[in-house]
Amino acid sequence: MKLRIDNARLLDPARQSDRIGSLCVQGNRIVACGEAPDDFTPDEVIDADGLWLIPGLVDLQARLGEPGDRSAGTVASETRAAAAGGITTLCVPPDTVPVADNPAVPELIRRRARQAGNAFVLPIGALTQGLDGERLAPLNALKQAGCIAASQANRPIRNTQTLRNALEYAASHAMPLIFKPMDADLAADGVAHDGAVASRLGLPGIPTSAETAALAQLLVLMEETGARVHISGLTSRRAVEMIERARTRGVQVSCDVAVHHLHLSENDLMDFNPLFRVHPPLRTPDDQQALRQGLKFDLIDAITSDHTPLNADDKALPFPQAKPGISGVETLLNLTLRLVEDGTLTLLQALRKLTVAPAEILGIEAGTLAPGGRASFFLFDPDRHWTVTPETMLSAGRNTPFAGWEFEGQVVATWFQGKPVFNRLNG
Amino acid sequence: MALVERDIQLDEHKRLKHLLTLEGLKAHHLTEILDLAETFFDANGELRKVPLLRGKTIMNVFFEPSTRTRTTFEIAEKRLSADVVNLNIATSATKKGESLQDTLWNLQAMGADMFVIRHADSGAAHFFARQVAEGVHVLNAGDGRHAHPSQALLDMFTIRKHKGDIYDLKVAIVGDILHSRVARSQIQALSILGAREIRVIGPRTLMPSCPEALGVHVYHDMDAGLEDVDVVIMLRLQNERMSGARLPSEKEFFRLYGLTEQRLERAKPDAIVMHPGPINRGVEIDSAVADGPRSVILDQVTNGIAVRMAIMAVIFSNAARHPQEDAS
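Going down the list, the sequences are from chains A and B.
When you line the first sequence up against this note's numbering, it's residues 72 to 498, in that order.
When you line the second sequence up against this note's numbering, it's residues 5 to 332, in that order.
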């Protein structure tokens, strides 16, 4: 099968390339990007005049609900929703039910992903058994089973000695680690940023120090052990400053931010809407501004959806009891492009943080239109206007606080390894 | 986006439909209730029975144990001739099966016109107000650390009765502000009614992280904080504050923040002493003060019945006024 897409605006942040041209695909590979070779004889030609052609997005943090206990979503449903959002590679955190602390779980996820065939799904293994933060999980076996990295998801390790051992052991097996910095005791029963809004509403607070104390601990342990760690889900100005200082000292550390932290803040909690409950919590507008600046100056490498599809029941509870999380794969791209609209990021810079930057963090070849690479990409219509409506979302989780938000531009068709997996060109 | 949403406790005429919190209300919302409450006392200061809510069913749904608040609500409802149903729902029972939503919908199907709800989670009253059918009212009888508006209103009623007007008063609230829904609602009531100065007194470990967001002055020194105040409100200190390393001991707390006759001399000579109850004698307040001439603690309890009657009467009369106004 040979496909040629003509007249598209080809955006390839990996090569800093932005030009009108053709993309040629043969089988599951890209064979040309820019000028179509004369001897390329396509079976199908698509005229993409006025459309953008972008490498498939790489999402470092997306829960799929499978395996799960009464959870919303399956690998099939969520990868289809991801495809509708332009995402063709995604990493699944280990806080599945059961926890991904043995090879059976990542094997199951990968098998389901192959059956669905919508996206490249990379499981993240649990760093400790049952994510209990006490006994190490079999990292080597998890790696053999296809885990791209190991993580504690949202459950921090309390004991510093255990944490240090985990870093050392992972380093000896070249297993990359992903940490959400969160001090277990400072976060404790908190449900919101410990600031003005929580003070007024009487919501149990999570101070910024829950993030920064844990981050400081991680950074010194990284320096001492030489372990490779990716920091996930930064929320505060202070944390961004700490990353900057660590890099100046020569610590190899990459980091990301969840896209909702770039748009929402503690002020959104004023009427206790459980859809705004996320973990780590939404912080102040000043923190939000610092995260945006962190992206602009490339202190923050990548943007994730932190996709967490939930049943309606899990949000139909008083704010503190509602499960944290946002169903985010379908809004990741548009929310990121808002930062281009307001001048914070350039278009290629924004796309870089959704494609080649996360691919480099994972050490995989993805997120580029370079010939020879996998043909995973999507077409985006910059003139198509749409409104977020939970009822029409493809994800099994309709838990979005962005209902009613209006966007300019929408993903219209997605290909995964040369195969069309999503199409709304005529819809 | 959430901020421009209409306040769910007000109807389209900006009148009270539910009472969830005092935040966002205007002075006239509060004074209407306080003024009405006054009319429920007869010439001898006895509470009258007024059949304003005959035929209405009020359900007191308490997810947290309470004796005094529930009892005063029940008495208030009976004085208004409403039909009263009391439900004490232990949290464990709801966890076992039925969801909160289903519990509420079932009770609603049994014909409730108003829910008086107490729950351990901040924001629970907002949650229930979003779930109930049109025409069913929610009255927050305390949700987590968030709000306890009827308590704050009865406190304002008591202050007004003894001090004339809230305006121009200096009020000190002493103790565990962080965990106190009573304090949050009192602070809001006092600022809505224009109190000259609102002080909170206690150690940093019992203060919210941003007290300035509440519009109060913080004192860690009790003597300085009580200087020249007109009203002293003591809060109950929960026993669990000791285990959480927020305080070294009850003894030290009493030594630093306990209200004694001697300390009270810092306040204005005619200052009154209040406490939402139940009091911990010898922990936050000395018996001599609690039972002394300046204490209005038992008066608060009596006023609580009248004020709760007034809250319910106002909400139901707002609802009844609706159709006529729409027609005219």
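Worth flagging that the hints you see were computed from the coordinates, not collected in a lab.
Check each hint, because a few of them may be wrong.
[Stated by the list, open to error] Lysine to aspartate or glutamate pairs mimicking DMTMM-like chemistry, simulated, CA-CA at most 20 Å apart:
#1 165(B) - 295(B)
#2 386(A) - 201(B)
#3 386(A) - 106(B)
#4 165(B) - 50(B)
#5 18(B) - 342(A)
#6 30(B) - 342(A)
#7 272(B) - 106(B)
#8 174(B) - 138(B)
#9 272(B) - 216(B)
#10 174(B) - 201(B)
#11 18(B) - 138(B)
#12 394(A) - 106(B)
#13 394(A) - 169(B)
#14 167(B) - 269(B)
#15 174(B) - 117(B)
#16 174(B) - 274(B)
#17 367(A) - 342(A)
#18 386(A) - 260(A)
So, going through the hints one by one against the coordinates:
1. For a cut-off of 20 Å, the pair hint linking residue 165(B) to residue 295(B) stands: about 19 Å separates their Cα positions.
2. Proximity of residue 386(A) to residue 201(B) is assessed by CA-CA distance (about 40 Å); at most 20 Å being required, the pair is judged violated.
3. For the proposed pair residue 386(A) and residue 106(B), the alpha carbon gap of about 14 Å is at most 20 Å, so the pair holds.
4. At roughly 15 Å between alpha-carbon atoms, residue 165(B) and residue 50(B) fall within 20 Å of each other, so this suggested pair holds.
5. This hinted pair checks out: residue 18(B) and residue 342(A) have alpha carbons roughly 17 Å apart, not beyond 20 Å.
6. For the proposed pair residue 30(B) and residue 342(A), the alpha carbon gap of about 18 Å is at most 20 Å, so the pair holds.
7. Restraint check for residue 272(B) and residue 106(B): the C-alpha separation of about 52 Å exceeds 20 Å, so the hint is violated.
8. Straight-line distance between C-alpha atoms of residue 174(B) and residue 138(B) comes to about 41 Å, which puts the hinted pair past the 20 Å bound.
9. Distance restraint check for residue 272(B) and residue 216(B): the Cα-Cα separation of roughly 25 Å exceeds the 20 Å cut-off, and the hinted pair is therefore not satisfied.
10. About 5 Å separates the Cα atoms of residue 174(B) and residue 201(B), which keeps this hinted pair within 20 Å; it holds.
11. For the hint linking residue 18(B) to residue 138(B), the alpha-carbon distance of about 16 Å falls within 20 Å, and the restraint holds.
12. A C-alpha spacing of about 18 Å is found between residue 394(A) and residue 106(B), which places the hinted pair at or below 20 Å, so the restraint holds.
13. Our distance criterion of 20 Å between C-alpha atoms is broken by residue 394(A) and residue 169(B), whose separation comes to about 45 Å.
14. Between residue 167(B) and residue 269(B), the direct Cα distance comes to roughly 18 Å. Compliance with the 20 Å bound is thereby established for this hinted pair.
15. For the given pair, residue 174(B) sits about 39 Å from residue 117(B) by alpha-carbon distance, which is inconsistent with the 20 Å threshold.
16. At roughly 12 Å between alpha-carbon atoms, residue 174(B) and residue 274(B) fall within 20 Å of each other, so this suggested pair holds.
17. Taken as a hint, the residue 367(A) and residue 342(A) pair is broken in the structure, with Cα atoms around 32 Å apart against an allowance of 20 Å.
18. Among the hinted pairs, residue 386(A) with residue 260(A) is consistent with the structure: their alpha-carbon atoms are about 18 Å apart, no more than 20 Å.
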